[in-house]
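Engineer: Put together the whole structure using the sequences plus the hints.
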Amino acid sequence: DQQVKQNSPSLSVQEGRISILNCDYTNSMFDYFLWYKKYPAEGPTFLISISSIKDKNEDGRFTVFLNKSAKHLSLHIVPSQPGDSAVYFCAASGTSYGKLTFGQGTILTVHP
Amino acid sequence: NAGVTQTPKFRVLKTGQSMTLLCAQDMNHEYMYWYRQDPGMGLRLIHYSVGEGTTAKGEVPDGYNVSRLKKQNFLLGLESAAPSQTSVYFCASSYSNGLSYEQYFGPGTRLTVT
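Protein sequences appear in the order of chains C and E. Here the first sequence is numbered in our numbering, starting from 14 and rising by one per residue. Here the second sequence is numbered in our numbering, starting from 89 and rising by one per residue.
Rather than coming from a laboratory, the hints here were simulated on the basis of the structure. Mixed in with the good hints there might be a few duds.
Coverage of chain E stretches by chain C, computed from C-beta distances (three or more under 8 Å per stretch; other residues unrestricted) [unchecked claim]:
1) 127-134
2) 170-184
3) 190-196
Here are the simulated DSS-like cross-link-like pairs (lysine-lysine), alpha carbons at most 25 Å apart as the crow flies [as the list claims (entries may be wrong)]:
4) LYS18(C) to LYS81(C)
5) LYS18(C) to LYS145(E)
6) LYS18(C) to LYS69(C)
7) LYS50(C) to LYS97(E)
8) LYS84(C) to LYS67(C)
9) LYS50(C) to LYS18(C)
These numbers come from a predicted model, not from an experiment. For every residue, glycine included, the Cβ atom is placed at its ideal position computed from N, Cα and C.
Structural biologist: Structure follows, in structure tokens:
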């Protein structure tokens, strides 16, 4: 039972355009959501997060949107850069001890 | 600050062999976690610890044991390795203040069981 799903295994965009990565969840107890970025042969690194009391959070080129009624969140990257090419994981928390439930990941490729 | 480090980076085991993966963090974090990453499956929680001397099961604990004898170290053991345990293993740590859910990850250990 996959509680956090990223239905697009991959996404390809042109440099300078917008990248939109999507994530759906089923557990209504989740109240905090995070996006991680992962390069090959490295560990995931934290990118941006959002609490369930908000519907939007921005950090530079990265914006995360949360639609609680649809149990859906998205990550927007504007403008996309070749260095953004990586695997992006969404994660959710709502249980004790900060445990995270991760999606399967989306491979983003930004072409020059 | 080294952050989260993992030892070793790579390992090849034969079925039935045992090994221990070591995770160390220098951020004084209370919480530590072990994940495995498999293609198309994301990261799945194996075991976690909320403090020195405590451990708990995660989503996929079978075939693994853990110990947290010191706050800065979290060990993951495989007593009798199986090919199904071929994976990339990540350790992570986080604060316990309830204000931040961000976890800090190590670089990973790539394990192959033949």
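Engineer: LYS84(C) and LYS67(C): Cα distance at most 25 Å?
Structural biologist: 13 Å, holds
Engineer: Between LYS50(C) and LYS18(C), is the straight-line Cα distance small enough, at 25 Å or below?
Structural biologist: Distance of about 16 Å is within 25 Å: holds.
Engineer: Would you mind confirming whether the straight-line C-alpha gap from LYS18(C) to LYS145(E) stays at or under 25 Å?
Structural biologist: Judged against 25 Å, a Cα distance of about 22 Å means the pair holds.
Engineer: Quick one, are LYS50(C) and LYS97(E) close enough, alpha carbons at most 25 Å?
Structural biologist: OK: LYS50(C) and LYS97(E) at ~20 Å, within 25 Å.
Engineer: Assess, step by step, whether the Cα of LYS18(C) is no farther than 25 Å from the Cα of LYS69(C), and give holds or violated.
Structural biologist: 20 Å, holds
Engineer: Mind taking a look at whether chain C covers the stretch 127-134 of chain E? Criterion is 3 or more residues with CB to CB distance under 8 Å.
Structural biologist: holds (count 6)
Engineer: CA of LYS18(C) to CA of LYS81(C), is that 25 Å or under?
Structural biologist: Holds - the C-alpha atoms of LYS81(C) and LYS18(C) are around 15 Å apart, at most 25 Å.
Engineer: Three residues minimum, CB to CB under 8 Å: does the stretch 170-184 of chain E make the cut for coverage by chain C? Let me know.
Structural biologist: Result for this restraint: holds, n = 5.
Engineer: Examine the stretch 190-196 of chain E: at least three residues should have C-beta closer than 8 Å to a C-beta of chain C.
Structural biologist: With 7 residues close enough to chain C, the hint holds.
Hint violations for this structure: none, all hints satisfied.
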